[in-house]
Amino acid sequence: MSRILEEARDRFLALAGEAPPAGGLALLREVGLEAFAEQGLPDTKQEEWRYTRLTPLAEIAWTNAPAAIGVKQSSLEAAAEPVFGCEPVVFVDGRHRAGLPGGAGAGEVAALAESAEAPALLGTLAEARSHPFVGLNGALCQDGARVTLRGEAPCLVHLVFAEATEAAASHPRVLIEAAPGSRGTVIVDHVSLEETTHLANAVLEVEVGANASLDLVVLQRQGKRSFHAGHVAGRVERDGRLRTHTLTLGGAFVRNDLVVTLVGEGAECAMKGLYLGTGEELIDNHTWIDHSVPQCRSDELYKGVLAGRSQGVFRGRVVVRPDAQKTEAQQSNPNLLLSDDAEIDSKPQLEIYADDVKCSHGSAIGRLDPEALFYLRSRGIDVDEARALLTRGFAGEVLAALPEPTLAEAVGALFSERLERAGESP
Amino acid sequence: MLEIKNLHARAGDALILKGIDLSIGAGEVHAIMGPNGSGKSTLAGVLSGRPSFEVTEGSVLYRGEDLLAMEPEDRARAGIFQAFQYPVEIPGVTNNYFLKASLNAIRTARGEDELDAMDFLSVVREKMKIVEMPKDLMGRSINEGFSGGEKKRNEVLQMLLLEPSFMVLDETDSGLDIDALRVVANGVNHLRSPERSMLVITHYQRLLDYIVPDVVHVLSEGRIVRSGGKELALELEEKGYGWIEGAAAP
Ligand SMILES: Nc1ncnc2c1ncn2[C@@H]1O[C@H](COP(=O)(O)OP(=O)(O)O)[C@@H](O)[C@H]1O
Ligand SMILES: [Mg+2]
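Chains A and B supply the protein sequences, listed in that same order.
Mapping of the first sequence onto the numbering used here: residues 12 to 437, in sequence order.
Mapping of the second sequence onto the numbering used here: residues 12 to 261, in sequence order.
Note that these hints are calculated values from the structure, not bench results.
Honestly, I wouldn't trust all of these hints.
As the list claims (entries may be wrong) - According to the in silico footprint, chain B covers these stretches of chain A (three or more CB under 8 Å from chain B):
1) 381–388
2) 402–408
As the list claims (entries may be wrong) - Label-pair distances were calculated between CB atoms; the ranges are:
3) 121/B - 320/A: 34 to 42 Å
4) 320/A - 254/B: 54 to 62 Å
5) 124/B - 141/A: 55 to 63 Å
6) 89/A - 100/B: 34 to 42 Å
7) 61/A - 72/B: 55 to 63 Å
8) 128/B - 140/A: 51 to 59 Å
9) 350/A - 100/B: 23 to 31 Å
10) 432/A - 158/B: 54 to 62 Å
For each residue, glycine too, the CB sits at the ideal point set by N, CA and C.
Looking at chain A on its own, in the form it has when it is part of the complex (with noise of 0.2 Å):
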């Protein structure tokens, strides 16, 4: 480990030792913080971590986020408005601030730190030492959410994680349950109420129960200076279907760890991705689904654009155990470059060790289609808005997967907006 390294993995230490653990997060901390001091922050001698250097973020002298945080209200009233058809349960740097919704049809929140003890899943679906980001997140943790889903009747949750401090580090850990049977959509949600340096380094755990259905989006929209590390850690048992939407709009640095196991004979995973890298954006999405049983089914589906001098990468490893005979897996990452100096390194790997198995994958790298573009000109669009018009309609195969149509018309907008204000709408 460098000197770098080795310094900001001390001043994170240190930062575990100046706030106490709340509520129930005791042990979690501590076994986070365990595993953290251990592991220390990886370089890219790091196979996981060849492409994706942590230097930037290490640089930062971070901070715990305060107990009272001065956010104007008009902020904070933005940040709770109910634009994907629900109220909004907010965080603001990584604490619990505003909405707590209940009831059919709402699902159930609950804020870890008012709660007294811990969920008996915190910690087990993503263990401390399966990743530095997630023992980080567990030795930092001063809030998150415990999400319910229960019964027949669709529930619709959003979770902001909003933030506002300048240097300030969030470690949020978000535990959902979805309960047999049951079926809705979780939508987590990152945002820079003003432009900062801010570190979310998000921890979700998601137990998809016997014959449940679990929409999980991922929004990541924070401002252009904001650090992002999101571990998701998924399990999905007999017959439950996981659907993942990780939208990534950028920031600094962005890496995205998914990691899914099917366990239960039947299950399914969608991963879908959208990354959109502009200006010197570092985004990396390693994903990972593991088939350990038969008769289980994945399909993902990454597609990323990048312009400017944005660096993508992309590891999709998919592992089908011994016992894992009749799986179906598909994986694909086309990529769109819109500029002669984005990079993109898209490396799949599928690891079989089942003989009767259905599986492929595929990756892409390419440019706008000239003969597209002229088409849409030809038909008197301009040139900047047919280009805008074709990525967009690159990334529309993702987008038009996301459960609630709305949903679908606000990130697309989000895309388009960004990539005009970087103005490489190329």
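Take the given structure of chain A and dock chain B with the ligands to it, following the hints.
Leaving out everything else, chain B with the ligands in the frame of chain A:
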């Protein structure tokens, strides 16, 4: 309306148009016939501004302005329209969204107000009837999975919506059965007026039974080798292109 003088153009290293002279007045319909590879689509592409063609010599004036200096979108806004031989498929962009964006871009250029979704819908419905276009094609991605005939109808639908002043139809008839041909030709004829001109490119004479031209030109190896009235198309049909190729030889 359109004045083409000594037009030379190439694609890659190959010189394809080798000196075209053509003058088309307002309200006139000119047909261009010629064997495969004679340069018909190249001529159409040069007029609409396809970037893969490079003009090496000659000029094109459209209503007195230098057409070749204009960007493709500016040509469209000035009233030029090409119905493509092979309309491109564009995944992820709905036909509806595209046609509305296109019409509003053209309307803005003409100094007219943009149409909102409702007004657009009523205009497009009326035009769709003319080309007998199935409704569900509007919600689909542009040309994606359209049959050959549906793609051509979509081209004519766009033409009806945009109401251009100068139209180039590049083999809009090819691949159509006789009923579809009649529908498409009917759509085109809707736009015939003393203010509009057309260049109708076709390989076969039969389209010209429906869209009757004022002048017929025969293109061979990048040159217009013969021009005449509509009876030239019939003569060509009878004698075949071999007859013309003979005539093109110096
Ligand atoms: N982009 C291109 N690059 C190289 N050659 C081309 C290109 N486009 C057309 N050509 C060639 O130019 C000639 C004329 O093509 P085209 O104009 O499409 O003919 P037509 O439409 O009359 O069949 C053909 O020999 C064709 O192969
Ligand atoms: Mg042709």
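A quick look at each hint next to the structure:
no., hint, in the structure
1, 381–388, "holds (count 7)"
2, 402–408, "holds (count 6)"
3, 121/B - 320/A: 34 to 42 Å, "40 Å, holds"
4, 320/A - 254/B: 54 to 62 Å, "60 Å, holds"
5, 124/B - 141/A: 55 to 63 Å, "59 Å, holds"
6, 89/A - 100/B: 34 to 42 Å, "41 Å, holds"
7, 61/A - 72/B: 55 to 63 Å, "59 Å, holds"
8, 128/B - 140/A: 51 to 59 Å, "54 Å, holds"
9, 350/A - 100/B: 23 to 31 Å, "25 Å, holds"
10, 432/A - 158/B: 54 to 62 Å, "40 Å, violated"
The earlier numbered hint that this structure contradicts is number 10, and it is the only one.
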